[in-house]
Structure formats: structure tokens, C-alpha cells
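Number of protein chains: 2
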Amino acid sequence: MRELDYDVAVIGAGTAGIAAHRAATAAGARSVLIERGPGGTTCARVGCMPSKLLIAAGAAAHAARTADLFGIRVPEVAVDGPAVLRRLRAERDRFVGSVLDGLDDLPEGERLDGTARFEDDRTLLVDDATRIRFRAAVIATGSSPIVPGPLRGLGAFVLTTDTLFEIPDLPASLAVLGAGAVGIEIAQAMARLGVAVTVIDAGDTVAGLTEPDLAGQAAAIFGAELDLHLGAELRKAVPEGDGVCLHWTDRAGRERTTRAARVLAAAGRSPNLEALRLEATGLCLEPEGLPAFDRRSLVCAGAPILIAGDVDGWRPVLHEASRQGGIAGANAAALAAGRPVATPEPWTRLAMVFTHPQAAVIGAPYDPEDDRRIVGALDFSDQGRARVEGVNRGGMRIWADRSGRLLGGEMLGPAVEHLAHLLTFAVADEKTAQAVHGRPVYHPTVEEGLTSIMSKMIQRS
Amino acid sequence: MRELDYDVAVIGAGTAGIAAHRAATAAGARSVLIERGPGGTTCARVGCMPSKLLIAAGAAAHAARTADLFGIRVPEVAVDGPAVLRRLRAERDRFVGSVLDGLDDLPEGERLDGTARFEDDRTLLVDDATRIRFRAAVIATGSSPIVPGPLRGLGAFVLTTDTLFEIPDLPASLAVLGAGAVGIEIAQAMARLGVAVTVIDAGDTVAGLTEPDLAGQAAAIFGAELDLHLGAELRKAVPEGDGVCLHWTDRAGRERTTRAARVLAAAGRSPNLEALRLEATGLCLEPEGLPAFDRRSLVCAGAPILIAGDVDGWRPVLHEASRQGGIAGANAAALAAGRPVATPEPWTRLAMVFTHPQAAVIGAPYDPEDDRRIVGALDFSDQGRARVEGVNRGGMRIWADRSGRLLGGEMLGPAVEHLAHLLTFAVADEKTAQAVHGRPVYHPTVEEGLTSIMSKMIQRS
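Protein sequences, first through last, are from chains S and H.
Heads up: the first sequence begins at 0 in numbering that gives the first Met the number 0, then just goes up one per residue.
Heads up: the second sequence begins at 0 in numbering that gives the first Met the number 0, then just goes up one per residue.
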């Protein structure tokens, strides 16, 4: 057994772990980064990047098919499935490669391959071959797709984002379980690539939208491109010929069946905790096994251990994982050195879905009960630039307090990924509708839609 | 002769004039809006909107032709010229219609059709049929495309933006004089619609970019799609068969000729002043005939007359015209009532060009002589999201003072119309690179390119 001693041990070399190791090192700590898999981050390997590449291909097919609106005649559009997936993997591998290059650049002694488990509050065992003494540890082990009970045991018929992007060709049909960000992004892209797609979700909303008008519009818009069933419960799934037959009940309780060549389980992810043996530590574990932790310092209760990234289940998106990693790494170094930890303000919430139209939720959640709010609305159907581009669908809802200070909003529409950043920055800056309204906005842009909402909110405040 | 009396007379019912009339009325003045033409604003009728509609069609053709990158096979793309122009005009007419509806809604007595000219500092004659006494007047007569000497007398072979959007079909070939915003937007859109396009410009830059790296990239990128000649002087133009032969000299002084079915004069606009008979007023006229005016109050020197919008030649873009109209209208009402005028800060400069890639200039101009600046740079070629979408061309240059306070920048790249708003808001808010860097930015978006520049600037400040 090799015995090593570090100030900080970071478990997991994904987005959060890499950031944590870098921050701990920058804060003067001797840190080691431990990774059990091939590395490369969930985002680059199986998350943001390959899904965006699939969406780009779907968008290209859709643009060619709908060019007629503009007077462009495209008599034939053929999707070359293997070519779509080849480009996806080539670009994906490039993104993964640049992450791995970063890891390879780490000096000898800062990186360890193997599966880590806790022996106690100060010790990790890696593959039963190395014992690491640490003063503080960061858990950054990420999460894995959940395969719900009815889909287990169906072998290669069932895909998750871990396996989806490795398929050699597009399936003829795909059932997607889950209409959240991951499910609806992939479902719409696949539909635009000619795959017959059915989406089943037990909940009532699509793409994470909660404001009822926008959520309803989203369901109608996506439902026109694919077979979308909300309030639907999967009962069982049985192999049938070259695919699977899903048995489910619809919102009205009727029994329904759907046949599909493949099923994508996209109804959630669970934290990668099982290998860590957290019960060997003094950590206070919540019923689901997650350590209790402070959302500002990311320090867990009961041991000098911190948690960051998707594993903590709080805001599982890259920019938060990266920031959490930085905070946890710096605080781990502080704990190791006996310095006080930092407790930075959480960022303004920002989540987006790269469908067409795109969706985003920003800042304070939608709250119909809060009657002290001013709510401004815009319908994209008559927004100038959106009409020009033929993408005039969806809308925006933005809320402010009575003084006009912006609190948050939800969006469904064109270029929402950009509008959402403008609103997020404004909310983070505690700006008022009046302040945003007073800024120059070029014509014709969708940003004018924001100005227009601000103008309505000012009239009401 | 009908005799009328108003507090404020606004000449020109375009973007600036409509805003001026509304602001004067809102400030309690009795105002009249005088228009000599059919109305409908330069922007909606012959500017922003029809050009963006042409660009949307060009982009649709280009997207279909380049879908192969994503594995989408499109064996044939045909441009239906009349259909392209039909959609353009139908949507354009809708935008114009909504402007006209607004004018029609004006109460009786607030609108007058006819050509106005000054009798003196307090009096206008409209079509020699109505005499209007005013306490303050606003000149908002807009501008018209300049047809340079060599192109005069060529009749229908020569187009301006006033006539371009009325053509029944796309020409086989088009020579464009001018590589500024208007010229390069239309040139690239036409090229993407299958028109053989030659662009000639006497200057050295394309799309208004002045930072040499970006300007050079822009020339190379656009030059790959069309025949682009900078530093080229038009000498003469002669009708030849079904088109025109342009004789010009290139940068090296060589004589060159270009044959084209049509020529678009897009090398500038001149203020619509000739009908106003400004010499009848006490206005201090500059050598080119424009009244001297204060850029904050928009009050002209020598008479109770204000100027707003494209006619003043300062920032001839819609959002400035609209704001200038509002300022001039309110200040005209103030002058009429003997109140002091307001002198609001000019807006942070924002200009953009809707080519692909898009271009924008923001805030303080590029200044290679200012060695107290920190300049941050980003190359889009390796920017993650730009690569995903296959639009990884161009770059950004952003400048700040030594303390990191953002001053301005230039951009050439994907989604620049959105990135430019983020930077403009930050410059207007006098934010530092550090402050912008501390904001949440979603992954993968081109906004991460901004964060990346901020990070480099922080290291240098």
C-alpha cells in the first residue's frame, strides 16, 4: 500500500473537480485530483456538447426543409444518419480531447487514476492500492442517468446519454422518457432528423418552464413536431421484434402502447456516491444518501469534506459546476490551512434549453401567489425581427418587485439563449425595468422585445 | 392661405419625427406633424426591415447549401427570385402598415400632408397653402441615398435602397458601390441568392470595422463569397446591352471594368434639407448646409429649431433616431413654454451589420495610439459553441482603461448582434472586466467568449 499525504484530495476530474483542484492549488494547497474513469467531463463527453451537435444537425435539416418560406426551393432533404453521428463524434472527441490535454498537463503527483473510497474523515483509499491522507476533500463525482425500473434489463434497446451518442446510425423510431431539458432537446433534434419520436413525461411541463402560458405554448409547439404526452406514466416495457413496446397510461388513465426501435431514459440523473462509502465518514447524510452541505461554502456537515458539481444535485449545469468547483477548492485549501472559508452569494439562477424555440428560466421562480410582483409579458408572434426570420413563436414573462427591480423570468422563443443572459445580468445587478429600458437597443433585434416588456412594466410600477 | 398656430411643428413623419411629435405632445405642447411623402419611415420602407428580409432569404439559401457539413444532404437548392421578393414586400408592407396605422390614429389637427419650408424663425409654409406659426420646430426630414456622379443618368440600371426592393426579380449580376453596412449586407445577401456580386469601395474597411485584424478578416471572409474591391475608385459607368459597364481603378491604380445587370449605389446618404429653405431662418449653417446643433439638447444655433434623426448625420440608426426624436420633441415643447431644455448624455455608441458573420462597433472607437488601454482579444475559430454550429469565424476585440473599466470594442462573428448588446450595456453601466467576468454565463454559448476576453483583460489590468 502506497501512502500519500495531501492538503486537499479532489475526487472526480470532471468540470467541478478540475476547477476545485485548480482553485485549491492556486490557494497554495498541495492537491491531488483522483479520477476513476477515462475523464473528459460529463459536459464534453455525454452532455452539453454532443447534444448541441445533434441539435445543430437537426436545425440544419429543419432549415433546409423550411427554406420555402423565404422563396428558396429545396425539393429534397436527406438525412445521412451515420454522417450526422460521425460529425457529432468527431467534434465531441475534439472537445473531450482538449479537456484531457488539460489533465495531462497536470504535474506528476497531482493526478491519480482509480476509484476512491473514504476510510474515515481524513483518509481515502484508491483502488486498495494507495492510501491518501488529506486535510480536506472535495467530492466532485458527478451524476449518472437514471434508468427507471420498467426499462431495466432491456439491454441495448435502452439508451441513456452515456450510450446515445455512440450509436452508428439514427434509429427509425425513438421513445424518450422525460420532457425536461435533456429529453426534449434530443427528442426535437431526432424528430428533425427524421426519427419518429414519442416523448412521455409524468409531469406537466416541458423544457423546465413553469409559467403556465409559456409551458402551454411549449407543449403545443413541441407537440406539433413529435408525439408528446405529459402526465403519462410508464408501466412496463417489453422487447418486441427489433425494438421495444412501451405500455403506459395517459393523463386520463387510459392504457396506451408505443413501439419504438430504441428508448432513451432521460428522466433524471442520480449522484455518483455509491463507491465513496460515505458511511465511513462523520458526514451527516440525508435520507437519499447525499451529505448535508452549505450552499454557499459547499462545506458538508460533520467532516472536513466539501461537495461540488452535479453530485450535489443543486443546479446541475456546467457554469454552476465550474463555479462550485472553484469555491469548494478554495475553501478546501482554507480548511486545510485552518483559515475561514468563504461564503459567496449564490449566482442568479440561469437554466436554458436549446430547443427551437429555446427556453430559459432566470432568477426568482414563477410565483402566482406573490401579488406584490409586477409581471411583464411579450408575445413573439408579432415581434419584428422574429417575424423577419420566420421564428415568431413563444413569449417572455418577466417579474419585478413593486419598485420595478427585476427578479426573474421565463422565456420561450428565438435567441432566448442571448436574451436570457441580458436578463440574468440585469437581475444579478439588481437593475430596475427603468434602468434596462434606458439602454440602447439596436433595431431590428429580438432585444427590442425586452425593451418593450420593460416599458409595460414601468407603466405598471 | 390657411393660417395655423402651434407650439411645436415637426417636419417629417419618420422615426425621429413621430417620436418628436409624441414627446412634444406628452410634454403638454400643441404639436403638428408634417409629412411630404407617403410616410412609413426609412427603416420600415427602404431600410432595416427590407434589408433584413433579404438577408433572411440569403441565409436560408446558404443554410440549405451548407447543410452537408452536418450530414444533411441537399442535392438541389433553387432560388425563386420573385418569391423571395414577394415575401420581402409582403412582410415589409406589414411593417410599413403598422407605422401608417400609428399615423392615422393621430387626432385631427395633429397631422398635415405637404412639403414644408421655412419663411422665417417662427413660420413654415406647407405647399404654399398653409402657414404655420410655431414657437419651436423640429427638423426630422431624414436622408436620401446619394447617387454618385458617374452613375447619374443611367436610369433604371442604377438602384438605390429606395428602388432596390421594388424589383420584380433578382438580377443576374449586381455591382454594389459601397462596402459599409448597407452595401455589404445587401451584397452578401444577393450573392447567397445566386446573384453575381461585385463590391467596389474607395475606402479600406468593410462593414464599418476599423480594428485592423477584424477589418482584414472581414475583407477576407466577404471577399470569399463575392468579388470585393477595397481602395477602388469608380471612374465612369456606361450602359452596355442589358446592363452597365463600370470603369474603375483598383488600389494599385490599374484600370478595371465590371459588367453588371444592375448597380446599387450604397455609398452614403445625404440629409433632406433642400426643400426646407433653411437660409430663410437665422440658423447657423455649416458649409455642407447642415445647421450647427448641440448633440445633447439637439437645439440648433440661431433659431428655436431642433434637429433629430438621420437628417443630422450623427449616428443614423433607428434607435438613435427614435431617442433623438424624443429628446428634440420634449426640448421643443420646453422651448415653446420657455422652460430650460434637457441635455441628456449621449448613449453608448452601438452600430451593427447583419452580415454572416455579423459585425458591430461599440462605445469608444478603436484607438491604436492610446497606450493606456488594455485590449482583450478572442478568436472565434476555436470557440466551442461557434464550432458546434459551424460558424467559427471572426473575433472580438474589447478595450478597457487601466482599471479594467470597459470602454468599447469591435466584433465580427456569430450572434454578434447579441454579444454587442451585452457589451454595450456593460460599457453604459461603466462596468469593469472583473464585474462582467463574475456573472453567470451558460455553457455552451458564444457569451463564454466574452467571459474569456474578460479573464484575459483581468490578468493584464
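Source of the hints: derived by calculation from the structure; they are not laboratory data.
Hints should not be assumed to be uniformly reliable.
A pair counts as met if it fits within one copy or between any two copies, since identical chains are not told apart.
What the hints assert, rightly or not - Okay, derived cross-link-like pairs now, SDA-like style, lysine to any residue, Cα gap no bigger than 20 Å in a straight line: (1) 455 <-> 90; (2) 455 <-> 341; (3) 455 <-> 162; (4) 235 <-> 248; (5) 455 <-> 25.
Outcome of the hint check:
Taking the shortest Cα distances, residue 455 and residue 90 never come within 20 Å of each other, neither inside one copy (44 Å) nor across copies (26 Å). Taking identical chains as interchangeable, the C-alpha atoms of residue 455 and residue 341 are never at most 20 Å apart, the minima being 40 Å within one chain and 24 Å between chains. For a Cα distance limit of 20 Å, the shortest separation of residue 455 from residue 162 qualifies neither inside one copy, at 47 Å, nor across copies, at 37 Å. In the homo-oligomer, the alpha carbons of residue 235 and residue 248 lie at most 20 Å apart inside one protomer (10 Å), although the nearest pairing across protomers, at 76 Å, exceeds that limit.
Taking the shortest alpha-carbon separations for residue 455 and residue 25, only the inter-copy value of 17 Å comes in at or below 20 Å, while the best intra-copy value is 47 Å.
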